[in-house]
Every structure is written in structure tokens, then in C-alpha cells.
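Please build the complete structure, drawing on both the sequences and the hints.
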Amino acid sequence: MCIINEDTVLKREKKFYFDVKWLFIIAIVGFLLVFQVFPLIYLVIRAFISEGSFSLSSFERIYSVPLNWTCVTNTLITATLSMIFGVLLAFPLAWLVGRTNLYGKKLFRTLFLMTYMVPPYVGAMAWLRLLNPKVGTLNVFLQNIFGLAEAPFDIYSIGGLVWVLTTFYYPYAFITLSRAMENMDPSLEEASRISGASPIKTLLTVTLPLMLPSIAASALLVFVAAASCYGIPSIIGAPGKIYTITTRIVDYVYIGSDEGLTDATVLAVFLMVMALLILFISNFVIGKKDYITVSGKSVRPAVVDLGRWRIPITILVGLFALVVVIIPFATVFATSVTMNMGKSVFEPGNFTLKYWETIISRSSILRSAQNSVVSAVWAASLGMIVCIIMAYLLKRTNVRGRKIPDFLITVGSGTPSVVIALALIMTMSGRFGINIYNTMAIMVIAYMIKYMLMGMRTVVSALSRVSPSLEEAAQISGAGWLRRLRDVVLPLIVPSIVAGWFLIFMPCFYELTMSNLLYSNNIKTLGVELYNYQTYHSQQTASALASGILILVAVVNFALSKLTKGKFSI
Amino acid sequence: MKKKILACLAAAAMTFGIAGCGQSSGTSGETGGNTNTNTDVSGKIVIYTSMYEDIIDDMETALEKEFPNLDIEFFQGGSGTIQSKIAAEKDSGKLGCDVLMVAEPSYSLELKEAGILHPYNYSETDKLVFDYDPEGYWYPVRVCNMVLAYNPEKYSKSEVPNSFKDFAENTSMKDSLSMSNPLTSGTAYSSVVGLLDKYGEDYFKALGTQNVAIESGSVALTKLETGECKEIMVLEESVLKKREEESSKLEVIYPEDGCIAIPSTIMIVDNKYSANANTAAAEAVEEFFLSPEGQKLIVKGWMYAVRSDVEEYPYDAIPLSQLLENTIPVDWEKSYKQREEIRTKFQEYVTVP
Amino acid sequence: MSKITLDHVTKKYGDVTVLNDFSAEFRDGEFITLLGPSGCGKTTMLRMIAGFEKPTSGEIRIDGVTVSSADVFVPPEKRGLGMVFQSYAVWPHMNVFKNVAYPLKLRKTPKAEIDEKVRKVLGIVHLSQYAERMPSELSGGQQQRVALARALVAEPKVLLLDEPLSNLDAKLRERMRFEIKEIQHRLNINVIYVTHDQGEAMTMSDRVFVINSGVLQQVGDPVDIYRHPSNQFVADFVGKVNFLKGHSENGRIKLEGIDDILDYSGELTGTVDVAIRPENIRLVSGNAHLNGRIVSEYFNGDVNDCRVLTGDKELRVIAEASTYGKFGKDSTVGLEIADFLVFPESDNDYRKIMT
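First to last, the sequence lines map onto chains S, A and W.
Take any residue in the first sequence, count from 1 to its spot, add 55: that is its number in the numbering used here.
Take any residue in the second sequence, count from 1 to its spot, add 3: that is its number in the numbering used here.
Take any residue in the third sequence, count from 1 to its spot, add 4: that is its number in the numbering used here.
Simulated from the structure, these hints should not be mistaken for laboratory data.
Each hint should be verified, as a subset may be incorrect.
[Stated by the list, open to error] Covered, in the sense of this in silico footprint (three residues per stretch, anywhere, with C-beta under 8 Å from a C-beta of chain S), are these stretches of chain W:
(1) 77–89
(2) 104–111
(3) 147–159
[As the list claims (entries may be wrong)] Subject to a maximum C-alpha distance of 25 Å in a straight line, what follows is the list of computed DSS-like cross-link-like pairs (lysine-lysine):
(4) K252/A / K398/S
(5) K130/A / K160/A
(6) K398/S / K157/A
(7) K409/S / K252/A
(8) K97/A / K275/A
(9) K82/W / K76/S
(10) K189/S / K160/A
Quick caveat, the model's predicted, so the values are computed rather than measured.
Virtual Cβ for every residue (Gly too), placed ideally from N, Cα, C.
Quick look at the structure:
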């Protein structure tokens, strides 16, 4: 009487229902193996083998250089501090924007995400102009106001580097955390309030511990992003002689010799190991504390009343947005319309739209923008599919080795861009049967390797907040795997999917380092154009292009939000 | 397939037609585009170059006119990017290009030794005023000139050093100087090799004492403009470009102890490694770039020509002959052989905190 | 109507045996309750029937069709069962109607038919007027009924319920018991009900399976289980009980610490465990064959729940409500034992595993 096809089963032959999810999982694991593991392993093995035999000599050589150890230390310090500050900033901001009656929440949310839409190189230049100790605009301004003899800030320091890295990468944490906040069961907080805890006490004793998995996830993102970032330390660090592993790697790579490549790989291995270590730690932190906060019981989202603190806190958040977002953006924008950067943009004759004309009139820019959109959409969409399925594998199955794809994705992100690109060139240009060199595919794959972690962490933390019983309910209702993924799992984590997609899309859209090594004439991207303006010695054009990107993304986001009635926006 | 054969036949027929008019195109005596078009080269070639993109646009137009049947594709990038790309491609057994117009002779020496290059016998070597490979593996094709630059809107010329020596030794300049990284930039490396030869290790020490910022030329120029830097060591072309295109007031100082004129080379990739195995076309293109016609395009890109018979010189610059009167020579053999050693030395004195 | 057969089903997680060699047959139209303390393996059993877990060994058949065995595994979505989860698992992104209609949609039921069936089942669970509401706008009890409606809508022959009432308030819980029972009758379906609440098990089930530590303790109808528990655990878990040690000899049992003698016609001799249900002790004034004094008493409305110290043992006695306050504290009362159970001696402390 049950709906099993009796003819087939009654025969009592060996029969397992083929589960389509394994097809997907195997396909994706295969994809990761071929396009990520193989190239990176090839590169690492290559570093181990000198003159045909296995040896650690290159490791010994590289790690015996004292400067390299300084770089390791600098990277650890700056990335760790950026991670700590990033999360410390993002957590209260996410709470305020996501769970309280702060004024202008929507505006703030958009502002906090803006930083993410600017290429780090352009943003770093803006901070350099604001805070350099000699003529930094902000420094001079503060000196004049307070009558200081010396500039209060020196951007060319560890502190300066941490500051810029933090302001650039806290949005990772903000996005991850604010999604998690919105999904939390408010009764848990209410229970704390009723027990006599103030909102702040509740935040610290209930919300914070409950958010631990998401906090660990976002900390991992910030750390890996800061540690493997090249643009910012190369601009902010180099003048103050603060070198990081990435700047060192690029030094080695750009030597352009075989040995340089090997040396770079050897250093890169350190970054990969570091990323893994952090993943282990964050997994350990989450470990047994994997709370499920979206249960099968539905609850109304609650808003915390800030009471008399509402106005002061809004002002405080506003000030933060002013310093961290608006001022640097204004600087980027002002740069794009300044003829002579030695003078103020307001001086007569110094205002110009020439650079905007340049970027609008160059036909190649439009083509490149198109290529960038296409390749970033591919990377983000394919990347999210990989992330969703691998997150599912990790969170919803108990296959041995289900954590491996997560590790692979983390290692990929921890690997400096330049190393990824070179590994792909070496392995994907026909020598091993796959030739995708000089096609858009190789770029998309490079982007995915580098940025998938952003999507992966977002989805994993979203999925760990959805009770498995919701999916089981669909299963017992008769839904197959794809069906329940579509009908139940995905809709429940859709905000996180959108956020993750955007987190992958944006950096791919203006990606510079890998694109520059992998592009061919017909697949030039915006990153390549940006790089050109960088080497063209035109800050202004680069700034105009970055402002253009920013405006474009903001408009698209606004339109999307309007069209979907606020359901889909960043 | 059929189309290709037809195209070849057509090209052959046209060659005959033109040959009948007394042209012997493609031979080494030909100086390229000043007379007529080279229709006998066809197919495709890819050129890796570190030249500015907008002069590449001009070159593409000129090359199209010169070689109507040849599909020429440029890949433009910084010399570091291109060199690392080539290193990776070398590992995979095949390069993505047929012609290289990148970096300085010491890199050419390296590629030559690696057996990647194809020799070509250029007939007008007597016109070249810079070093070239006697076996024809590489020729100079453009000259990047390392100079000093300052911002007259912030400081006067008398306030800033007027020689490379003073650049390193004038203590009033401490913390206000910038130069490119010899680890990543070929021209910066060549420059420090020249300066090392001329002044010895003390020069590096002095640079270290000055606390010279080691950063990309673009950042340095911005700092010069904002006044954060008083003087920078930079390629002349980048300043000239800014002056012509942005009416920038930044000024070049031709150092009293000599400019460092760094020829950048053109090379043909051997068939075994090249992307399109189109040696004939590669040779014709090399021929064109070395011709006075091709050299004029280089000059438009704010770089100096390599031929004594090209009168033109870059916008706002000085004639080539005048430049050559006072230069600091660079020993290419040494710069290739002792690269690791010199880089390490520079790091020790200047880069390491 | 359906028949479910569990054939030597064992489930292990690593070295931990959650369910050991479990065999049972759930017959057509039966209301089966799997009763036991949490962690006893009852939910695992239910999840194996549903197909969310695979048995380590053994076989599960539904209507003679093997759904789980060493070489057959039918996934949950192909088993055609209905299930209500402890957390309800109502999808928060779908309204009530869509939640309930979902199983029908999967079966490609025509729209009009879906409409009709959903309306009908919502009527059964008294949610007709809430069809357009989102789950977050419903109370816990309403959400629970949405889950029930969803499980019933496709007319499964077997309905699995995993502690569905544990999150409800007492009043609602009691009402839902009868509603579920009534729905089962009306639709004539098999129900497998997992609970740790013996009250639920007693009132609803045709047969109760008492499970402890992965081992089946007793199967029987509620009365049987209550009256004739097969061991101390069942006696203790189902209903309330006072345990005393005693010595059986020549048809008599001497109670330890009380020094009282009970007549006993059973076969056990030597040291035994005697279990006396509190409601089987009557409070009488004056002397009876056991005497003691009241230590505390709680008025429960329908009964007087009191503790009586006799010898050096404290006994729980559930007496008639009218006895409340009748005897002064510390005054001597008589106790009459109407019925008791005797088990072979065991050192296990059954209270420890109580939840």
C-alpha cells in the first residue's frame, strides 16, 4: 500500500535508490581536485624537487633569510590584529543594524558594504593621501585644528597597515554577522532580558556566545583576506619598510626566473598553512558549540529598543561611517576630478572631468567591463553552487572526509593570487591534457579558487543555523534531494546566498593580479585596465574607474532592492 | 581550412604581383613600412610588451597598415608580470607569444642562454647606438631613461639634488625620496647596477641612510605631486607622459653625473616555444620596429629611439645625441651574472629596515 | 492500513549501541507508542522507520516490502510516510497553506484537488481560518497542528510522531492527545508515536513498547504494562512506584526497614524487590497492618499526594482527596496495601535514568 514500486522491490534483489546528491558532490569534488588541488600541489611539489630529486633545500634557503621571518611576523601581526579589530567593529555594527531601532539602518548597511566595492589598491591610495605623515590631508587638518607640531598619524607603520586592512576587510565580518543576527531566535535573548539582564548584558552573555560559529567564520574570512592581500601592504607597508609575506612573494615572482617562482611558492606554502591553521582553530572554537538557531518553530524577529541611547549611538555610528567610509570615498572621488594632485580640487582650474572622459570614451573599457561582469558572474554563480553543495556535504552528511573540500577552499583563499595564476598557467595550458589558457575559463577558475571561501563560510554558517528537521520534513513529504534543496534549504538561506554571491562577485569584478597574468586580448577585464592606469602613473584615471565601478554597483544594488521590494539587496 | 589555403594563395599571388614591381619585401635589406606594405606575412603573432598601452594603440594601427594580412596581438603588462608569466609558461613547455619587447638586455641574456630565442640577422646594426647581440638573438628597440624628477610647484630646482650622487648623499633629503624596486623592476635593477659600478657599495649604504622609499613609480609620482616626496628616481617617460597629457608641472632633472639610458630589447621566440611558430612574420615585425618608421612610434611613447639616423626625440625631452653625451654605463653581462648577489646587497642596505 | 515489521534491528554509532536487536511487528491500524526515557533509542527507531537513519543490521519491512536491509535502502521520500517532528519543522518561508500543500504538490496532485484536500485537513486540525498566515504568526500549538496537517494531507498509511506534544502547554497537550487519537480512528491509519510521557502512552496507545538503553523491555497494551510490568524499570517508568527490599520465604515477604510481612503467593524466594504503587496504598485511621505518620501532603484537587514514614522508609501514597488534612501531622495513620509487585532482586537504581 505504500508508494514504493512493489514490482521492483519485492524481487529482493540488491537495490539501492540512487541518490542524485552524490552525483553533484562527486562532480564538484572532482572539479576541485582537477582545477585547484592539482595546480597547487604541482606547484608545491615543484618547489620541493630540485634537480629531479626531492629536497628541502629551497625551504631551508627561504626560511633562513631573516627578512622572510620578519615578513612572516608582520603578516601574522597585521592579519591577527585586523581580524580582531574587524570582528570587534563588525559585531556591534551588525547587531545595531540588524537588531535594534537605530536610525538610518538601511543607509548604514549600504555604507558599511561600500568599502568592499572599491579595489584595495585604490582605497589604499586614498588612505595614503589622507594620513601620510608629511602632507596627509587629515593629518594637516588635525594639526591645524589642535595646533599640533607633528602629524598625529603615520600611515607607514604597522598601525597604519592594520587600520587600512581593518577598514577594508571588516565588511566581510559585517556581512556574515548581520545575516546571522537576523536569523537568530529572539526568544533566546528575551529569556535573558526576563532574567534581569540589560540589552547590553544580553548582547554579551547570550547573543555573542550564540553567534560564536558565525563570529569564527567571519574572523576566518577577515584573517585570510588580510593575510593574503597584496595591494594594501605594497602601498602602505613598503614605504615604511614593513614587508609582508605577500609583498615578498611578489618580489620573488617578479624576478621572473625559475628560482624566483620556486622561492615564491615556498613562501606561499606558509600562507596556505596559516589559513588552514586558522580554519582548524575556528572549527575548534565552533566545535561542539554548533547551536542551531533557526528551529522548526517560527518566531517573529524582535527589535531591541535602544531607548535614550538611540540618538547618541546613531551619532556614534554615523561618525564611524564618516571616518571609515565617507572620507576615503570622497578622497577617491576627489582624486578622480583633480588635475594636479599637488593642489586642492577646489583651486580654480584644477577641477577636471578629463579622467572620467578617458574612462568613458575608451571603447576598450566598455568591453573590459562587459568581460568583467561576465567572468565575475560566472565565478560567483559557479562558486556559489560549489559552496552550497560543499557546505551541504559538510553540514548535512557524515561522509568521511566531508571536511576536505572546506579545507581546499580555505587553502585556495589563503594562497596569494599571483601563485594561483602561475600554477594555473603551468598546469592548464595543455601539458596535462587540459588547455584553457587564454580563455575566460582559466580566469573564472582562478577567481573561484581565490574567492570561494567568502561564499563557503557564509553558506556554512547559514546552513548550521537551519535545523535539519526542516529538510527532513520535506523529505518525508516525498521530496527528493534536489527538490528539497530548491524548496526548503535554499529559500531559508537565500539571504546568505545572495550575500555570498556578492562577496565572490565584487572582488572578481575588479580583480587585478590574476587577471593581469591570465588575460588575453579578447578577454581583458576591468582589473587589467585598472592595472594599466596604475602603471600609467594615473591615480586619477584609476580613481575615476573605481568611482565608476562603485556607482555602477550602487545603482544595480538599489535597482535590485527596489525591484524585489527589499528582498534581494546587499 | 579551405579559407586558409585561399588566403595563402591570394597572399602568394599578391607577392608575385608586387615583386614584379621591383619590390623584394621580407629580405633583410628592407626597412619596412616607409615604402609599401608587407603582404607576404600572414597568420598571427602575439607580442608581449611592457610598453604603455596607448602607444600600443598607435602601433597597432601602424602595424595593420604595414602588415595587412598579419593578425598581431599585444599582451601588455609590467615587466615583472610578463617575466613571471614567461617563467610559468616556460615550465609548461610553450610560451604564449612569438615576439618579446620587454625588459633590458640582462633578461635577454638569460633567455638566450635558456635556448628560447631565435637568432635573426639584422642588416643595419651599424645604425644602432646601443648594445646588441652579435649573434642576433636580441636587439635594442627603445630606450628607457632613468632620471630624477621634482615638483617645481613645491620646491625649486636648487633645493633638490641634481645628481644621482647627491640624491643619495644630501641628508636634507632624508625621508623624502622614492625609487622603484630593483627586485621587481628591470629598469630599476639596471640603474642600481650602473650606480653600483660607478660609486661602489657606498651608494647603496647612502640610499639606506636616506631612507629612500621603495615603491612603484606611480605611487612615487603621486607623492611627488602632493609634496610628500621632494625628489624621486624615475623613468623619464612617465614624467613626460604626465607633462604632455595632463599639463603636469613635474620636471625632469638630467643628473649631472649622467642619465642611465637603459635599452629595452626586442626578441623573437624560437619555433619550439613560440605560440604560433610564425618566424617569418616575427622577423618582419622585428625588422619594422627597428626601422626608422617603427622607431618614430617609440619616440611618440616618450622613449628614445635606438638609431643614430632618427632625429625625433620625445616630447619635452632632449635629443638622443645630447642624452648620449652623459650617461652612466651598465655592464649587461655583469648585471645578468651577478643578479642574485646585487639584489641581495641592495636588500641588505636599502630594503631591510 | 499498513503493517510494519522490524526484524532484529540493531543500530550502532561507532561503538555505542543505540538499539539492540529490536524485533517487532506493528499491525494494521494500530496506535503504537515507543515509550522510554530520552536517549533510550526510541527516536532512533522512529527515524529508522522513516529512513533518516540506516540500521547497522537487521531489516525493516513496510507491508512486506523491505525498505531497509543490508542490501536494500529506500530513502524517506520514497516510503510514503507522514511524520511530525518534535520541533514541528514548519517551514518559516511558506504560509500555512503552502506548508500543508507541499506533499501533494510533490505528488503532482491537480490544483483543485490540492485545494480541497488542504482545506479538509486544515479543518480536521482546526486551522481553517489560518491558511494564509505565516508560521511566525502562529502560536506553538497552531504550528504543531500545521505540522500534523502536513503529515496527514497525503493520506499516508503510517503516521510517525516524534514527541509532538512535548512543547505544548498541559491543557493543549491533553486536548491534542484526543484529537490525534480521533484522527487516527477517522482516517484509520497506523500511528507510531514516540514519547517519554507515560500519560500520553497510556491514553492513546493500542500497544506500548517500553524501551530502555536500546533494549526492548516490554510490549503490551497500556493496562497490561501498568498492571503487570515485566521488570523494575517498566514498573518505575510507567506510573509511580515505591521500591522496597524484602525477603520472601514460605509464601510470605518480610519488608526490610519496615519489619512488616506481606502474604505472597508467587514463586520468588530469597531477597526480592517489592514495588508498591502509591495509589495501591490506602490511608486509614487507626491501626492497620502497616502504620506510619504523614511527613508531607499535597492537595492535587483530585487526589492527596502524601509521604508517609513507616519504619525507616518513606512511602509515597496517593490517597483520596478527602483524606487531605484529615490526619494531623505526626499522628499515626494506618496503611493498607491493596496490591504490590515482586521482582527478583536487582541493584540497579531505576530512578537514575528517569527523566
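Inset, instruction - Quick one: which hint numbers does this structure break? Sort them smallest to largest. - result: 5
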